[in-house]
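> Top line first, the protein sequences correspond to chains A, B and C.
All the letters of the first sequence, read from the start, carry residue numbers 0 to 348 under numbering that gives the first Met the number 0.
All the letters of the second sequence, read from the start, carry residue numbers 0 to 824 under numbering that gives the first Met the number 0.
All the letters of the third sequence, read from the start, carry residue numbers 0 to 304 under numbering that gives the first Met the number 0.
Errors might be hidden in some of the hints.
Stated by the list, open to error - Here are some, though not all, of the chain A residues that point toward chain C, as calculated from beta-carbon distances under 8 Å:
no., residue
1, S19
2, A56
3, G60
4, L141
5, S151
6, P174
In case anyone wonders, no lab produced these hints; they're calculated from the structure.
Just so it is clear, the structure is predicted and the values come from calculations on it, not from any experiment.
Glycine is no exception: its CB is placed at the ideal position from the N, C-alpha and C atoms.
As a plain string of letters, each chain reads:
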Amino acid sequence: MNSAAGNSASGNSRQPEFESYYGRPVLKAPTWKSPDVPLYLFLGGLSGSSSILAAAADLTGRLALARVGRVTAGVGIAGSVLALVHDLGRPARFVNMLRVFKPTSPLSMGSWTLAVYGPLAGAAAASEVLGVARGLGRLAGLGAAALGPVMSTYTAVLIADSAVPAWHEAHPEMPFMFGGSAMASAAGVALIAAPIAETGGVAHMALVGAGMELASSQEMERRLGLVGEPYRKGRSGGWMWTAQALTGLGALTALVGRRSRVASAAGGVLLAAGSLSLRYGVYLAGVESARDPKYTVVPQRERADARAAASAEAEPAPTPQVTRHRRVLWVHGAHEARDGHRHRAFRRR
Amino acid sequence: MAENHPVAFQWVVEAKLRGAEIIDVDPRFTRTSALANRYVSIRAGTDIAFLGGVINYVLSRGLEFREYVVNYTNAAMLVGEDFQDTEDLDGLFSGWDEQAGNYDASSWQLTGERDDTLEHPRCVFQVLRRHFARYTPEMVERVCGVPPADFTAIAESMTRNSGRDRTTAIVYSLGWTQHTIGVQNIRAASILQLLLGNMGRTGGGILALRGHASIQGSTDVPTLFDLLPGYLPMPHVGQDDFDTYVAGGQLPAGFWGDFRSYAVSLQKAWFGDAATAENDWYFDRMPRISTDHGTYRTVLDQIEGRCKGYFLVGENPAVGSANAKLQRMALANLDWLVVRDLQLIESATFWRDAPEIETGELRTTEIGTEVFFLPAAAHTEKDGTFTNTQRMLQWHHKAIEPPEDARSDLWFYYHLGRRIRQKLADSTDPRDRPLLDLTWDYPEEGPVAEPSAEAVLREINGTGPDGRTLSVSTQLRDDGSTRCGVWIYCGSYAEEVNQTARRKPWTEQNWVAGEWGWVWPNNRRILYNRASADPAGRPWSERKAYVWWDEEQGRWTGHDIPDFEASKPPTYVPPAGARGPAALAGTDAFIMRGDGKAALFLPKGLADGRFSTLVGLADGPMPTHYEPAESPVANQAYGRQSNPVARRYPRPDNLYNPPRSEVFPYVYTTYRLTEHHTAGGMSRTLPYLAELQPEFFCEVSPALAAERGLEHMGWATIISARAAIEARVLVTRRMNPLRVEGRIVHQVGLPYHWGQRGVSTGDSANDLLSMALDPNTLIQESKVATCDIQPGRRPRGPALVEFVRSYQRRAGLIDGSGNGEADHG
Amino acid sequence: MVEHRSLTERLSGPLADVADDAGYSEPPPRMGFFTDTSVCIGCKACEVACKEWNDVPEDGIKLLGSSYDNTGQLGASTWRHVKFIEQPIYVPERHDQLAADLGQAPTQSTPSTQDEAGVRWLMASDVCKHCTHAACLDVCPTGALIRTETATVVVQPDVCNGCGYCVTACPYGVIDIREGDGRAFKCTLCYDRTGAGLMPACATACPTESIQYGPLDELRERANARVTQLQLEGETQAQLYNERPDDGVGGAGAFFLLLDKPEVYGFPPDPVVTTRDIRKMWGYLAGAAAAVAAGVVGTLIGGGP
Ligand SMILES: Nc1nc2c(c(=O)[nH]1)N[C@H]1C(S)=C(S)[C@@H](COP(=O)(O)OP(=O)(O)OC[C@H]3O[C@@H](n4cnc5c(=O)[nH]c(N)nc54)[C@H](O)[C@@H]3O)O[C@H]1N2
Ligand SMILES: Nc1nc2c(c(=O)[nH]1)N[C@H]1C(S)=C(S)[C@@H](COP(=O)(O)OP(=O)(O)OC[C@H]3O[C@@H](n4cnc5c(=O)[nH]c(N)nc54)[C@H](O)[C@@H]3O)O[C@H]1N2
Ligand code: SF4
Ligand code: SF4
Ligand code: SF4
Ligand code: SF4
Ligand code: SF4
Ligand SMILES: [Mo]
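Hey, can you work out the whole structure from these sequences and the hints?
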């Protein structure tokens, strides 16, 4: 039947009533591609936290662990940047990201951070691998570590600063979720690659990260209600569930088996996988929440109605005064203007 | 109107914003309905019953504008004793000849006596009252499916909004014209407007929204076979000399009294010095028509091999004309065909992609037609005028050069004529004289030797003895001293200035804006505007003052140019023996009528000295409700089912669905979409337009969808006795079933823009339609016919032909009761 | 950037002079659109004029079955979009009468214009809102999106690198990346025409002045007069959308008069510019970053248990 109005969310009787335009989305789904963006989120976080880990290891004289951290950070950031560039509609114009410095654009801030962090992390990794300029490499590593925390979390703000309901509404928890996830993944990779002798505390780092991630994601889903639905349901929900399971399991394995090379490595794999799944889950949840008008309309409608009710109590609507003549008067003026324009338009074309 | 004249519709919106009530009467809820204050859904083809209802509402309550009616219409005139009405003859007027199938109008004549009290039983007013008495609100409901409440509200609104102080305007277009009763629809509207005093007055009138941007121009300077420029009748067989011809068109009084001047000036414009009083103004060389040469008759002649060559200049009949299959078959049966168009249209490519190729009814290898396609320049690529629905000529300047080989139609005809004349230059054959004697001397301009369009307009305007352009048509003489190509356009080039190119904004002149473009006749913006003043020449009201008699100056004056002899006082009484304009009184506002009065009752019927008489048709003196040629219901008003004088071509390839057929139970109507243009050559070919309405669809009501199992966005096959076509289905509440004759009538909506070529393609609605024409204009009844509709796509290839035949069989059209004449019921 | 106003003020809420705020000194008055959908006749002249003038490519030849709307939504290749909404107006008596005629139970739905006393056909021409607080512009990392001197929002195609951030940020789903081109496109409010003293192509083509272009203050005045008039005429649902400077985007440069709820037309009922919360977001980031730092350092240097 050819009617625009009415509930587009079919089936499920528990679905809230709402009106839409032929059930079409109100928002544009993100044009960000998969796996580019999930990878970008994952690798950026991994790299950031790895830099901190490396610095900490360095300062506690655990050179192998530091080496793992620096290499991971270097490779991670390289991969992250590649993913970002690959996702651009015009990759050749990546550098345009540095035309402006814009606090309102997390991607701008992120790009600047990358611009400083990337070379540092890269240099640190390079000197490790090539074994040259160790002193400078070490400094670079420490520098990267200083930016590590931001690297671990800024992508959370990047996606939260959008109209995508499941992302924007989650802006309070998202940085903690991503930060925790980043820590867990960094710890995970360290557990896989570093000698057991030097991984003391890494399992705890994983545990803290996992805890931060799980706690904040639980809180987020609880708080969001309808808008949080994509984090629980559908493909995105599946990824989120997997992420939490893997991360939780990984952290425990790592902790319990921290004396065992194998158990640690296993835990590490689970942690890294968990972090990657989380990024997929969050990405897909955002896309889903943009596609279904329900997530845009219902909460906004409630908000609007509430405000209307409030203001109605405040002051009752004044009796309207009509001023028809000015409309008509205006129409005349407008025609003059418009006809004039029309003719110029003709000459112009 | 919003759909097809969106730019003009801005003024309706403007009026609405100023408090006007907008009423829309249409079978479908359209973009116009969406903006209207009141919308009424009517069964297609029943407007005479509806308007008749309003007329009856006015007459039975004495709501007519008495002073206007008595003075400006023929209401007071007495009709002859032996006139009999449809009321007496169950749907026929006196003078009907069943064998010949036409009327002898002699019993319809007026006696010449009058009764200003309008009491005399035989006066037009009383005849009218009796004739329309049966169109009660109940009858309107039974025929049109319009609930009495809705009908009465409209009648009430129209009458309340008419009179000295207020006027009501009626806007119509194809919804009224494309019927076997088309002209009578408009007659009904004019009777109503005359009774309410809405003619010749500001804010009143009957506005015909025209078609192609200059379709008005192509009736003024006609492309019609029965007319010469300026509505002079085409000479016909039997008119052997000029005097007989003039006698056929001249009226005793009024401006048709000067017919001879118009006709002589036209001959002089064409043949110049070769046309003299001695050689009867070259009249013997003029072609004569002998019968119906309308486009549909011509198409049949092509099929029957009588017409072998064809020019299609800006026309796409393979898609745009009724019974399109027949159109294509005709094209395939020609010796040669010239198509001048902007696009390679279906009418030029039928020989390889006509649907009949797929069904096997045509084979490319067997089509003998030699097709010449000549690219045409569009209006933006050439100078010229558009004449709009207000009779306003507006000049358009060439904006860009036409691409490649594209040339203007003017270029084509001018150079064609030039070359032919070259070839014949030293011919002695008298047969070639008319061609050689033509005034064919237009200055050429630019690289492609484009003839000057201004020179053509100047010739149309006409020149006087001094060779300078004339200013008004009253300067035309019958002594050969003046030349004029189109007498009603005389003045468009006054003072050697192209008046049609004037662009003074309405903000810099009075609200009538007489200095924008040029309007025929003589730049008068409202026809018969003498009627905007009372008999004494005073405005009916200050609010509605338009033109009036100024006693001091002793002349007519006002906001517009008076459509009346400027110095003829309201008190003027014609002396005995006066003829022409002088024979009209100071109160005779309708100056083109022989008696100066608007006709509520047409003594000659609609024959009026035009071709219809010679093809034996004379439509009735008053509008009468008849069912369309194809209708699912019986005529509720009379025993006579459909218009007795409707033009029909019953033949196996033009079968008519029997009336009240169970096989074709639904009504369909065809129409336009804002997004497309007519046969689609100018819209289906353009992505920006095609993407807005990408597919051929039919519109059905949810109720009909339920009845036939049609699914929104699914496919439907629509079938008539001529063809079966397929369309996507739009189920919409904008279509609605009507209660008629106590039962439900479903209507199907079909836009007719599609064909097999272009960015967006689809079946053509015109394949469904038959050739059933209005007797006066020979326009096809494309606004109403019957069909069946079934879910799913149509059969393909030869199976399609068989599919249609099965319907014909079931309807008893082949090996059955016969083709479509089984009608008079 | 002008100093005298705090970041928060510049990120949301009413803004006295948008162009000035964007750094233009003595800018011309803010120009915009008032689209009065109550006089729209759905002719789509605006859609076509826009494409003609701006050389916007064709956007798909597909029947959508949503009344007469076969465009669907705004996008990179559709900068004006005319929406069509058919709504039944229901009058029980008549409805049941017809139902009876159709031999159906009175309750059964047999919609029909007359028997429901008509359908209502809403038409509305949508366009980029040129928000006072434009999320697309706020988040654009390249500066491709700019605020013009008349406070409109324009993409510079020669700068855009197709990062797609603006797409996720727009609360109205207006701007989008063009397939095959990779860059973001949207209504420019005919920057080239208005610069030359011409009206935008869509407004010029609009026969009924449903699209009105002009100084925003004047438009707002006119719109308020119109909406009161309609309400007096009984159009109780008539409302202005995006007109109030205190709404979630600080009022839009292109606002609308609607005859039903915004969502019925596919508009978000209560849009908010995402960057309103940007400072909070940076705050949470700081917290999270600190937590990460502490977490790692604490566990690795503090030497876990
Ligand atoms: N966009 C656009 N504009 C056009 C054209 C185009 O193709 N596209 N074509 C031009 C041309 S050539 C012409 S002639 C004009 C035609 O302009 P219109 O006359 O407006 O064209 P239609 O849409 O064919 O018919 C008008 C309406 O008549 C209704 N109708 C059908 N039957 C009846 C009836 O029995 N009674 C009543 N009251 N209404 C009825 C139809 O439902 C339709 O809504 O438009 C011109 N303008
Ligand atoms: N079923 C149904 N059939 C109908 C109607 C209906 O309502 N229903 N309406 C009828 C009406 S009113 C009309 S007017 C006809 C229209 O039917 P047609 O006139 O057959 O169809 P158009 O597509 O208008 O054809 C006009 C052609 O002229 C070309 N053209 C444009 N400008 C120029 C020019 O300057 N020079 C030349 N040489 N060519 C040019 C265009 O490309 C186009 O192909 O359809 C009629 N048929
Ligand atoms: S297409 Fe031309 S003629 Fe038709 S409405 Fe538009 S402007 Fe008028
Ligand atoms: S509507 Fe969307 S695209 Fe337009 S200015 Fe606002 S945020 Fe930007
Ligand atoms: S896609 Fe282009 S315009 Fe949009 S944010 Fe990225 S760079 Fe700016
Ligand atoms: S203002 Fe210009 S660009 Fe924007 S929609 Fe109108 S025509 Fe298109
Ligand atoms: S041009 Fe004007 S009337 Fe036509 S669809 Fe666009 S906004 Fe509506
Ligand atoms: Mo037409």
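> All the hints need checking, so say for each whether the structure fits it.
Against the structure, the hints:
no.	hint	verdict
1	S19	6 Å, holds
2	A56	7 Å, holds
3	G60	11 Å, violated
4	L141	13 Å, violated
5	S151	5 Å, holds
6	P174	3 Å, holds
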